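Quick note on my numbering: the sequence shown kicks off at 36 and runs consecutively.
Rather than coming from a laboratory, the hints here were simulated on the basis of the structure. Misleading hints may appear alongside valid ones.
EDC-like cross-link-like pairs, simulated, lysine to aspartate or glutamate; straight-line CA separation at most 16 Å [stated by the list, open to error]:
#, residue 1, residue 2
1, Lys189, Asp314
2, Lys207, Asp138
3, Lys208, Asp138
These numbers come from a predicted model, not from an experiment.
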Amino acid sequence: MKEIEWILPDKYTLITGATNGIGLAAAKAIAARGANIGIIARNQGRAEEISNQLKKQTSKPIKVDIFIADLSSQRSIRRVAQQILERCPQIDILVNNAGALFDTFQMTEEGVEMTWALNHLAPFLLTSLLLDRLRESDSARVINTSSHGHKMVKSGLDFDNINGEHLYTGIKKLMGGPTLRYAQTKLANILFTSELARRLEPTNITVHCFDPGLVASNFNQNNGRMAKATMAVMKFFSRTPEEGADTLIWLAEMKDVSGLNGQYCADRQLKELTEVATDRELAKRLWEISEEQVGLSLK
Numbered sequence: 036m037k038e039i040e041w042i043l044p045d046k047y048t049l050i051t052g053a054t055n056g057i058g059l060a061a062a063k064a065i066a067a068r069g070a071n072i073g074i075i076a077r078n079q080g081r082a083e084e085i086s087n088q089l090k091k092q093t094s095k096p097i098k099v100d101i102f103i104a105d106l107s108s109q110r111s112i113r114r115v116a117q118q119i120l121e122r123c124p125q126i127d128i129l130v131n132n133a134g135a136l137f138d139t140f141q142m143t144e145e146g147v148e149m150t151w152a153l154n155h156l157a158p159f160l161l162t163s164l165l166l167d168r169l170r171e172s173d174s175a176r177v178i179n180t181s182s183h184g185h186k187m188v189k190s191g192l193d194f195d196n197i198n199g200e201h202l203y204t205g206i207k208k209l210m211g212g213p214t215l216r217y218a219q220t221k222l223a224n225i226l227f228t229s230e231l232a233r234r235l236e237p238t239n240i241t242v243h244c245f246d247p248g249l250v251a252s253n254f255n256q257n258n259g260r261m262a263k264a265t266m267a268v269m270k271f272f273s274r275t276p277e278e279g280a281d282t283l284i285w286l287a288e289m290k291d292v293s294g295l296n297g298q299y300c301a302d303r304q305l306k307e308l309t310e311v312a313t314d315r316e317l318a319k320r321l322w323e324i325s326e327e328q329v330g331l332s333l334k
């Protein structure tokens with residue numbers, strides 16, 4: 036494998052979902068390479084604990100900022116984005132990693148289904164609000180955590196039923212409706228990546244998404260005993276968080292990623308996508324719907 040030319044020393048990397056699992060493993064690796072870190076988390080105490088860990092493990096002093104937000108709330112995202120812009124004169128890499136699967140139908144304060152709000156609209160809105168600061172970097176990157184689970188979606192996204200209530204009741208739920216909903220959000224991550232990359236050409240910002248594989252983490256621990264038991268069994272077949280974060284770190288530290296702009300990677304390789312995941316018209320329509328849902332228009 037070609038030796039990687041590190042670009043991370045003294046860069047500023049902002050990571051969501053950095054207090055557990057893949058995000059934490061990535062934060063540790065990126066900090067160890069000399070980058071300054073911004074952590075977006077829900078729990079102040081946990082974020083402070085991670086901040087101390089990151090500072091202690093590095094051979095030279097680094098900056099670790101903590102930002103507290105509920106990423107399922109658009110109001111909270113707007114508030115934290117403003118705080119980030121006020122405190123961070125430089126953002127070189129934005130990692131949209133936070134995500135979850137909700138087994139029951141839940142809605143946010145904006146009237147959006149929770150899995151969609153957290154997994155798709157949060158990175159869409161946060162990235163949009165930070166784009167101008169990313170443009171000020173010599174070379175900026177947006178990295179989105181997707182999943183091979185997107186392959187469950189065979190026929191696109193149902194924009195007429197954007198909240199997907201029907202997936203949480205009756206036979207639909209018994210047939211894996213909530214899991215399909217999660218897969219839809221992971222497809223949305225890929226479509227958002229490709230469309231954002233297209234809209235930003237030619238600029239200093241590249242956009243990427245990756246599949247971490249099946250990872251042993253705290254994912255899906257919020258859905259009761261059965262979900263916890265299932266995840267416990269799956270851990271025997273899972274990667275470690277460090278292994279899951281490897282492609283993320285690879286995308287963050289390579290000097291030249293222009294050939295991967297707008298693309299989907301796994302295991303440090305470009306991966307072929309399903310037909311629906313490469314649908315340009317679907318990506319454009321998703322962008323328009325997303326703008327409507329967050330009340331934002333991007334030129």
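Taking the hints in turn, this is what the structure says about them:
Among the hinted pairs, lysine 189 with aspartate 314 is consistent with the structure: their alpha-carbon atoms are about 12 Å apart, no more than 16 Å. Taking the CA atoms of lysine 207 and aspartate 138, the gap is about 12 Å. The hint holds against a cut of 16 Å. About 9 Å separates the Cα atoms of lysine 208 and aspartate 138, which keeps this hinted pair within 16 Å; it holds.
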